[in-house]
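K.L.:
Residue numbers (the working numbering), protein chains in the order written: chain A, 1 to 253; chain B, 1 to 253.
Since the hints were made in silico from the structure, they are not lab data. Ideal placement from N, C-alpha and C gives every residue a C-beta, glycine not left out. Treat the hints loosely; a few may be bogus.
Calculated Cβ distances over 10 Å to all of chain B for the following chain A residues [as the list claims (entries may be wrong)]:
1. Gln25
2. Thr49
3. Lys139
4. Lys158
5. His160
Using 25 Å as the maximum straight-line C-alpha spacing, the simulated DSS-like pairs for lysine-lysine come out as follows [what the hints assert, rightly or not]:
6. A:Lys200 with A:Lys221
7. A:Lys158 with B:Lys201
8. A:Lys201 with B:Lys201
Residue-level listing of the chains:
There are 2 protein chains.
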Amino acid sequence: MIKVVILGGGNVSYHLTTHFLENTQVELVQIFNRTIDKILKFKDKTSITTNLNELKEADIYIITVSDDAIATLSSELNLKNKLVVHTSGSVSLEQLKSNANKGVFYLLQSFSKDTEVDFSNIPICIEAERNEDLLILEKLGRSLSENIYFIDSSQRQKLHVAAVFVNNFVNHLYYLGNDICEENNIPFEILQPLIAETAKKITNLLPFEAQTGPAKRMDTKTIKKHKAMLTKSQEEIYTLLTNSIYKTYGEKL
Amino acid sequence: MIKVVILGGGNVSYHLTTHFLENTQVELVQIFNRTIDKILKFKDKTSITTNLNELKEADIYIITVSDDAIATLSSELNLKNKLVVHTSGSVSLEQLKSNANKGVFYLLQSFSKDTEVDFSNIPICIEAERNEDLLILEKLGRSLSENIYFIDSSQRQKLHVAAVFVNNFVNHLYYLGNDICEENNIPFEILQPLIAETAKKITNLLPFEAQTGPAKRMDTKTIKKHKAMLTKSQEEIYTLLTNSIYKTYGEKL
């Protein structure tokens, strides 16, 4: 059994907690948070505390607090020779301010408290200063998911930007599409099979090969017609992305 | 049985043909194309022709040629009192130049010849000048899919722009994400569960509610760090979309 303490009470903490509590390979010995309210619901399942001086013995201490709070919280820990990891995509390993052994346990998924997450295929990106710690993190990762990757701090930060493009920005394009539908009394659900197919297509094809549409073939007539229908801010995005697609194919084909 | 003639030999023609040939409610009586090569493979399944004067009797003539060719081809047809429809998202009903009765049969999906398409949940947007033709198109639509929508020419053109945002532009963001991964020796597959989850999330939540990330919370520290990692053209897109997200929440929250 891998003994784990979770620090923090946000979405990552919540999802890790619920999965560790059902996990036969992991013993969740404690949850720490500065305030008790967010972790109170687990009081019958494991030890909970708001006092860093009461941290229990464990193999891994997982810091799940927000990026800005990682340095401060880690500097308050006195866990020499223990393994302390954070779960952030954009914070480097060095930003753990601790005399402990350091590592990263980054789950590449977008968590909301209301949505159950299937952990079995979540990519988990691990990093550690010491090889033996990497092996423990790998074991912990494999108890949750089949997709474990060794990703260093520099790669992880790049990956985090890439995730912003394919998750945050993609969702914003859904929002803009939804907006255009609403303005014209079109049910947004009409677009959902296309959205699903677009995401599915790139599991077999590279995005470069999967591209279609007026921008790729520089169909200026359709592009002009489209622009005339858009608001100024919609048009700005339309134009920049259209030019970027055109440049991609103009230069590479 | 609804008797159908398909005009054109591209992707839409191909997919409609293969589905109509298996459809017990539809008799595909003929395929026309200006050149024989693209429709030759169906010669044992139905009548094929390159001669507009040899068109057979049917209930519906479906024009599947490219947007630019619709006006010309339709003007060459002599199908008075017959129903002629096109399958384009961005061409209005009026651009059918014909003495026939006019309609639109628009399948809202991105077709590639190599990828089999599940028609059962494809949205089909129909429009016709006459109510009785709308009913025939509805019947034809329901023989293929459960999702039939009555969408007029103005709405359809807006829908087509919205589809560009959620399909063409989204795929380009996948491309940019893939590019960042490649530059840093990160396998793109790491991002695929996140991509799938992002698309899935908006079947339950509005995109406005599903938004997460540094732009939404105007996490300027992370945004600055991200920008520093990007090429000039990646950064331009990052900045515009980040500002657009921020404006969306700054104004609406």
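K.L.:
Run every hint past the structure and note whether it holds.
P.N.:
Status of each hint after checking the structure:
1. Gln25: Holds, since 21 Å exceeds 10 Å.
2. Thr49: holds (28 Å)
3. Lys139: Since the minimum Cβ distance to chain B is about 20 Å, A:Lys139 lies beyond 10 Å and the statement holds.
4. Lys158: A:Lys158 is in fact no farther than 10 Å from some Cβ atom of chain B, at 4 Å.
5. His160: violated (8 Å)
6. A:Lys200 with A:Lys221: violated (29 Å)
7. A:Lys158 with B:Lys201: holds (24 Å)
8. A:Lys201 with B:Lys201: holds (17 Å)
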